[in-house]
Structures are given as C-alpha cells and as structure tokens.
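Could you slot chain Z onto chain L? The hints should help.
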Amino acid sequence: MNTAAETLAPPIRLGIGTRAWRFVKRHALTVYAVLMVGYLMLPIAVVILFSFNHPTGTFNYVWNRFTLDNWIHWNAPLGIQSAIETSLELAALATLVATALGTLIAMAIVRHHFVGRSTTNLVVFLPMSTPEIVMGASLLTLFLNSHNAIQLGFWTIFIAHVMFIISFVVVTVKARLIGFDRHLEEAAMDLGANELVTFRKVTLPLIAPAMLAAALLGFALSIDDFVITYLNAGPTQTFPIFVWGVARVAVPPQVNVVASAIFLVAIALGLGNVFWQYRSAKRTRGAH
Amino acid sequence: MLWLAIFFLVPMGFLGYQSLQSGDFPHFHFTWEFSNYWNVLHSNHDGGYREQYIRSFVYAGIATAACLVLAYPLVYWIAFRAGPWRNLFLLFIVAPFFVTYLVRTLAWLNILANEGPVVRILRDVHVLGPNGRLLATTFAVVSGITYNFFPFMALPIYVSLEQIDARLLEAAKDLYASPTRAFFRVTLPLSAPGIVAGTLLTFIPAAGDFINAYFLGTPNQQMIGNVIQAKFLQSLDYPTAAALSFILMGTIMVMLLVYARIVGTEKLTG
Numbered sequence: 000m001n002t003a004a005e006t007l008a009p010p011i012r013l014g015i016g017t018r019a020w021r022f023v024k025r026h027a028l029t030v031y032a033v034l035m036v037g038y039l040m041l042p043i044a045v046v047i048l049f050s051f052n053h054p055t056g057t058f059n060y061v062w063n064r065f066t067l068d069n070w071i072h073w074n075a076p077l078g079i080q081s082a083i084e085t086s087l088e089l090a091a092l093a094t095l096v097a098t099a100l101g102t103l104i105a106m107a108i109v110r111h112h113f114v115g116r117s118t119t120n121l122v123v124f125l126p127m128s129t130p131e132i133v134m135g136a137s138l139l140t141l142f143l144n145s146h147n148a149i150q151l152g153f154w155t156i157f158i159a160h161v162m163f164i165i166s167f168v169v170v171t172v173k174a175r176l177i178g179f180d181r182h183l184e185e186a187a188m189d190l191g192a193n194e195l196v197t198f199r200k201v202t203l204p205l206i207a208p209a210m211l212a213a214a215l216l217g218f219a220l221s222i223d224d225f226v227i228t229y230l231n232a233g234p235t236q237t238f239p240i241f242v243w244g245v246a247r248v249a250v251p252p253q254v255n256v257v258a259s260a261i262f263l264v265a266i267a268l269g270l271g272n273v274f275w276q277y278r279s280a281k282r283t284r285g286a287h
Numbered sequence: 000m001l002w003l004a005i006f007f008l009v010p011m012g013f014l015g016y017q018s019l020q021s022g023d024f025p026h027f028h029f030t031w032e033f034s035n036y037w038n039v040l041h042s043n044h045d046g047g048y049r050e051q052y053i054r055s056f057v058y059a060g061i062a063t064a065a066c067l068v069l070a071y072p073l074v075y076w077i078a079f080r081a082g083p084w085r086n087l088f089l090l091f092i093v094a095p096f097f098v099t100y101l102v103r104t105l106a107w108l109n110i111l112a113n114e115g116p117v118v119r120i121l122r123d124v125h126v127l128g129p130n131g132r133l134l135a136t137t138f139a140v141v142s143g144i145t146y147n148f149f150p151f152m153a154l155p156i157y158v159s160l161e162q163i164d165a166r167l168l169e170a171a172k173d174l175y176a177s178p179t180r181a182f183f184r185v186t187l188p189l190s191a192p193g194i195v196a197g198t199l200l201t202f203i204p205a206a207g208d209f210i211n212a213y214f215l216g217t218p219n220q221q222m223i224g225n226v227i228q229a230k231f232l233q234s235l236d237y238p239t240a241a242a243l244s245f246i247l248m249g250t251i252m253v254m255l256l257v258y259a260r261i262v263g264t265e266k267l268t269g
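Chains as they are written, first to last, in numbering that gives the first Met the number 0: chain L, 0 to 287; chain Z, 0 to 269.
Okay, chain Z solo, but in the shape it has when bound:
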C-alpha cells in the first residue's frame, strides 16, 4: 500500500535534494545550490543545455502531431468499418510493443541505412541528392519517435471512438447533416477525450526519450534525455543531472496544467 509513496515520492524528494548539492564525485554537499538550475538553462555556449530542452519539446511536439494525423484515420476505420477484422487490426497496432524497444529502433537503422532500398529509391527520384541520407538526420529521429509511441496515440482514440453510440450518427444523418458535417460536429467532439489522453501518453514519454536520438541521430539531434543519462552514468555529475530531470518534469507539469485548463480537467482524469 505504501510502496508507491516510498518508491515514488521519496525518490522525488531525493532528486530535489541532490539537485541542490554541490561538489565533485563522490563528495557532494547539500548547499541549496540553486545555481545548478540556472547553469543548465543557459544557452549551450555558456555550458548550459537550453538547446537540448527546446529540441526535446519540438521533436516531441512534431512526433505527437504526426502520430495523431497518422493514427486517427486508421482507428476510425477499425472502429467503424473493420467489422470482424477489428480485433486483428488492434493486435497489429500493439504488435510493435512485442518487439524489444531497442531492437525495433535498431531495425530502423537497417531500413534507413545509406545502402538500404529506401535511400536508394529516394535518390533515384531525386528527393534526396546523390549523397543525401536519412540516417543521422532530424527526420530519422522524429520518425523513430513517431513509430515507437504510435500505439499510445492510437489506442485511447480507438477506445473513445468505439464508445460512440451509432444512433447519434444516424440522428445526425436524419437531421440532414452531410457526412463531413456529421464527422466534425458529432464524431470528432465525442472522440476528444481519446485525443487528449493519446496526446499526453505520446508527448510525455517522447519528451524524455533518448534512445531514438542516440541510435538514429548525431550529437546535433541530442535531446535532454541524452544529457541526463550521460551526466548520471558517464560524467557522474549527479547534481546537474538531477537539476536537469527536475526541470524536465517541471516543464511537463506546467504544460499539463495549461493543457488541462484549455481542455477541461474532467477529460484529463477520464
């Protein structure tokens, strides 16, 4: 019963405690070192990580939008047109989860590789220059994130679409609404809770991700997750890493609150 309190809240306290310490490994002292926070927020020329922060949120935002646009028509089809194929297609959506995260990201290395068929075709049709490539670009990182978090977007939208009473759509038709109008006035608003949930479930993990940037990008695509991870495990600079984590979580919390204000709290908690 108290497990969560012990192993979630207490660690958070320690994270805050650590983030205010100063000194070098392994001798840290608690000194209310708020400068840890200001330092990491400086621009990269001044030894901060502002660019990685901005990049994380931009990438996560683009990937979330891409997920929404890609997922909505698919789950719409599954919910209203798939008939007996419904469960099978739902299984297809969750199938990527059955392959180890790292391995399925590595598979994109094979697909987007310079010697691979995708790059060759794109070069042949002159979308890419003769030396153009997909790997180690922003495109690769964002599409990796999009692929990896796609089910988080698709499933909540599916659930909310599936709950829509078909009689409401019939009523809209009986009242001479065109299918387009019925979609925008009935279906879309009723699926809004799913969209809200899906957006959160995609955006939050995407903002903290570092696997995609690590495998599919270069140091120029590094996100804040990469920095936190490296600070903890390679440079052993725990206070900075803790401050970075705290800022990341704080920013997400603020965004969450703003989002809740816009869409209404009931939709957030279900």
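Chain L extracted, bound-state conformation:
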C-alpha cells in the first residue's frame, strides 16, 4: 500500500510527509540520546554525590548530610594513600615502557617484511581478544612456576600492565604509520641526515600524537585495571585492590573522593580536547 501511495502521490505532498516523519523521528532520537546520556552519567553522579556524604553508620549507601570532611581528610583510611601512590608509579612506569616497546613493534610490522610478521600481528591482537581473567591467570601460573625466582608484587604487576598496554599502543601507532608519507624521510636522508637524526627530527614528531594518545589510554587502563592486577599482585596494593579489600567490609566515602578526583582530572582533559577541536574546526572553516 505504501509503495502505491508513494508512486501516485504528487512529489510535493510526499516531501511534506517525509519531512514531518523525519521531524518526529529526529526529536524522538534526540530525546533518546539525552536520556541515554543521563543513564550513562547516573552512576558517576552518584559516586560524586556520595563523596560529599556524611554516612550514618559504616555503610555509605544512604544519603545523610552534606560534608566536605571526606575531601579534606582524603587519606584518612589506612593504606589508601600508599595504594594510590603505587597505582600512579605503576601506571607511569608501565606506560613509558609499553609506549616505547609498542612503537618499535608497530614500526617493525609496518616497515619491514620479516619472517613471522603476520604471526606478530596476530600475537598483538590476542591479548585484546582474551578475557582479562585468562590473561591474568596465565601470567600467574608463569610466576608461580618460576620456583620462587619471581616474587609476586610490584614488578609482576608491572610486567602484566606492560603486556596489555602494548597491544593498544601497537594498534594506535600502526594506524598512524600506515598513513605516513615515506617521502618525508627520504627527503631528510637526501639532505644529508643520518638515520638517527631522521628518526628524531622527522619520524618521531609525526607519530608523536599517536604515541601520546596511546600513552594516555595506557595510563588510564593501568590505573583502572583490577582483574589482572589482582591475580598477580601478591601483597602489593593498588587503588582498585584497596577498593576490593574494603568493599568486603564497608567502603569509606574517601574511595568516592579519589574516584571523583580521577574522574574530574580525566574529564577536564577530555573537555579541553573537545573544546580545542571545536575551535580549530571553527578556525579552518573561517579560513575558507
């Protein structure tokens, strides 16, 4: 019936009909999008809200009254500060090493045709397609079977983190290298630069944005990771492990404070980036 009506109806009426339908659809979708954002933001709002709560008992589940105490005495719960310090150290160190190694792997995969290149490609993909618990478990068995040569602790977590960050670095940097104009490097060589200088002055600046993006992602993943860390941590406490420990008893509001603070720093960086992109888009549009 629909097709018959469409072919018979004069084109102008069809236009109005379609436009009216599209109007309804557009607004329904917009409302839906806003509702979905509300759903996504709800737990975050709860986390931030309850960081200002003064809980009645040990449990921080029910809203009682507003207080700033939790933010002022953020390190009051025993062990929270050292856990955060460990998390930050670990994330910084693991990100640094993983970014360097990952960039080298990406360059090797894109630039050189070596034996086992496609295998390497696959191996890079594997950690991303394996559940975290399996990856954590496999590393744990490795360390356990080392006959006490490796003690579980900071360095075993470090190895685990480097392992899963590396994949993300390789994928990100690889994408950038594929769209890379090799003539720029050739030009540098023609102008008398040796390989090291070419790398430092031409290659590195061009892939730096991808490396930075990968490093930020890696840092965020490392700070947030629980499953792999938990299996390989031994007695070492990172912030997520601290949360796991206290969650069995009662979560102090300071946990919300720290989570909110991490969130606010990240979102500030994100908003800054959005704003910067918006402005540079505007500027390029203005230039035309």
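No lab work stands behind these hints: they were computed from the structure. Heads up, some of the hints might be wrong.
Taking lysine to any residue and the SDA-like style, the derived pairs with C-alpha atoms no more than 25 angstroms apart in a straight line are [said to hold, decoys possible]:
1. L/K281 x Z/R166
2. Z/K172 x L/T17
3. L/K173 x Z/V158
4. Z/K172 x L/A27
5. L/K281 x Z/R85
Bear in mind the structure is a predicted one, so any value in this text is a computation, not a measurement.
Just chain Z now, with coordinates in the frame of chain L:
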C-alpha cells in the same frame, strides 16, 4: 619486540602445563591429568562448574544484545544529527571509563539498593512486590555488565557510521527509497563492521567478568570468572583453575571462529 611473545605465549604454555597437573598445594606434578578438564565440565551436583559456564555465556549474550540495542540509536544520533555536539557526546560515552571500574559498579549498589529511590518507585507502581528487590538478582548482574561494557559497543559502531558517505544516503533517497528502506539497505549494512567489532569487544570481556556478579549478585549468579578467581586465590587449586581458564578461552575461540565464518574474516580483522 619479543616482550609479547615472552609474556603472552609463554604464560599460555604454562597455563596449559599447570592445567594438566595433579596433586595438592604446594606440591603439583605434571601427569597429563586430562581429568581436570572433564571434572570441571560436570554438572554442579558432581562437583563441576557447568552451570557457571552456561550462565557466563548467557549473561554475556544478553548484555551484548542489550548494549547493541541501547547503543545503536544513540550513536546513530551522534553520527548524523548531533552536529557541533558530536565530540561532547562522544566524551559522555567514554566518561564511565574515567571512574574506577570497581567504584562505578559499587555505585549501582547505591542506585539499586533496597532503600533507594528506584526500588521504592518500582514497588509503588507494583512492578515489584512489596518485598521485591533489584539487588542480588540476575537483572542487577546483567544490567551491571551492560553498563560497564557499553562504550566497547558504542565506539566501534560510531566509527563505522561516521565513515558512511552521505552521498550514498542521498543516492538512496534520489532512487525513491523510503528512509526506513534506506536505513535497512544502506546504513545498516555499512555499519556492520562496527557492529561485529562492538559485539566481540563487549562479549569477550563480559564472559570472563566476575566483578558484577560479585558485587551485584549472590552465589546463584556466580559466573565462571568468580570460580577461576576463587580457585586461584582462595582454595589454591591451581590445576583446576588453569583448566577452567583454558576451557573459557577455548570456548571463546571456537565461538569467534564460528562468528568469523558467518560474517566473513575481513570484517573481523578490519
């Protein structure tokens, strides 16, 4: 360069090695103990964990489907209608990642708590009985998983939608396709790679998850991740835990291969 080989493949080898051992902590011996595998696959009455396996895949499947249905309209709107708000809304999608995983799961404890507003409203409108609750139910666990892995579904679909050439949609319109028809014949097939990638990125971690079941469920909602974790760290039964992990990974690999056969390999590797 060899880091991955050393710290991914070698551990996998050890995992397999451990899974074939027998004995009690801390004295394990390698004995080609394939019975580790058969034992854990028995039904729960016989000391196996078959129910947790099935539950893991069912929960992950439902959560993945829910993510797809929830995410698609949202990213469609962002890709085609959001205009200058695009980047801001993308930031909203990834924002949950900025809150520590455990803490954002704990936040659902607050929201779904028996004393909380959600349960009260649902009781008032008689969706829930007077003593009905959301916490410690299958619903809570599945919705927790859905929330936590939502960005993994949304972002790949967004990327594939964004790459669609607007001229193709105009062409469809010029050829008298209704918007619905244009959507099903042009937009949806072109976004298929994103859907495939999103499904994998959501399903795989969801199947191995144990945080949501631990915080939002009861032992009746336990998934295989909970068992593996407890075997390794509490009962120190490494061979069983390793066998469980291996079966989980193997099952996912098989599913991946079947999925690849159905949708085509090119779409999987991008």
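Inset, instruction - Output the numbers, in ascending order, of every earlier hint that fails for this structure. - result: Violated hints: none; all satisfied.
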